[in-house]
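**Q** Modelling step: build the complete structure from the supplied sequences, incorporating the hints.
As you go down the protein sequences, you meet chains Z and B in turn.
The opening residue of the first sequence carries number 1 in my numbering; numbering runs sequentially from there.
The opening residue of the second sequence carries number 1 in my numbering; numbering runs sequentially from there.
If you're looking for bench data, these hints aren't it; they were derived computationally from the structure.
Predicted model, so just to flag it, every value in this text is computed and none were measured.
Possibly wrong hints are sitting among the right ones.
[What the hints assert, rightly or not] Per the computed footprint, the stretches of chain B lying under chain Z, defined by three or more beta-carbons under 8 Å from a beta-carbon of chain Z, are:
#1 19-32
#2 60-72
[Stated by the list, open to error] Chain Z side only, calculated, beta carbon under 7 Å to chain B, not exhaustive:
#3 Y8
#4 Q9
#5 V34
#6 M38
#7 M39
#8 Y43
[Unchecked claim] With a straight-line Cα cutoff of 27 Å, these simulated DSSO-like cross-link-like pairs (lysine-lysine) come out:
#9 B:K53 <-> Z:K135
#10 Z:K10 <-> Z:K149
#11 B:K52 <-> Z:K149
#12 Z:K135 <-> Z:K149
#13 Z:K6 <-> Z:K149
#14 Z:K6 <-> Z:K135
#15 B:K53 <-> Z:K10
#16 Z:K10 <-> Z:K135
#17 Z:K10 <-> Z:K121
#18 B:K52 <-> Z:K6
#19 Z:K135 <-> Z:K121
#20 Z:K149 <-> Z:K121
A virtual CB, placed ideally from N, CA and C, is assigned to each residue, including glycine.
Listed below are the residues making up each chain.
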Amino acid sequence: MARQPKLYQKLVRRRGGVGTYHSLWLASDHVLMVEANMMTERYQRVWFRDVQGFFVQPSMQSRWVTGIGLLFFVVFGGLALAGGPVSVALWGVAGLSGLVALYGFIFARTCRFHVLTAVQKTQWPNVARRRQVAKLLARLEPLIRDAQKADTVPPPMPQAATETESAVSAPI
Amino acid sequence: MSSGRKKVVQKADEIVVYDSMALALALLPLLVWPFSFVTAPAVLVLAIYGWKKPRSLVRRGTGRLIAAIIIASLQIGGWIAMGLSLWIG
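**A** Encoded structure:
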């Protein structure tokens with residue numbers, strides 16, 4: 001039996017909390033957001049022709065991780081400086097925490113991403129980093145533009161009726 | 001008829017993912033293994049019941065169901081082996 005072609009390509013990898021996660025999938029004319037847990041999958045489609053815009057809102061989510069990393073770095077670094085038999089392990093923890101904090105400062109700029117259509121404003125929760133937003137927009141923009149261009153092309157003018165047609169449609 | 005059914009499935013807003021459920025139910029009791037006495041048969045029932053049901057729009061294969069069936073069968077085999085070894089001696 002021939003394999004069915006894949007209808008959806010993964011657009012943004014899944015991300016979520018405890019038990020529930022979101023992922024985005026790309027089809028030829030829409031984006032499918034999947035909200036899944038262990039038992040169900042809920043689907044929400046956003047059609048390219050309906051997209052009116054995107055909102056990117058800065059979020060403080062990454063600051064928590066960065067802050068905790070920094071705190072651990074200071075605490076464990078201080079303990080390691082004080083010396084003692086486990087100072088090597090403390091330096092290790094401090095180093096790792098420092099790396100987490102550094103990564104947070106440089107790369108992990110988080111945001112909330114919303115897509116606006118004529119009837120709704122939907123958040124795509126798994127698009128949470130600025131770098132993801134840039135990639136996503138680069139991929140979606142041409143598709144949306146093409147879909148909306150195709151929609152705005154005016155329908156062809158009705159052609160003049162032929163002699164036979166006019167004869168048929170003419171009142172008796 | 002079948003194409004009509006496919007259309008309905010593709011437009012679904014929410015589906016029950018029997019394959020994920022069966023796989024989770026097969027894997028989770030590995031943490032607390034005595035539960036597998038109950039869950040392994042349940043996994044088989046779930047997998048057989050869910051075999052013909054609409055699958056996820058984004059993961060269409062039967063891989064999860066097959067994995068769940070294999071794991072549950074191994075668990076049931078383990079229980080049978082344990083029971084036999086206790087019974088024989």
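**Q** Which hints from the list above does the structure break, by number from lowest to highest?
**A** Per hint list: 2, 4, 9 and 11 violated.
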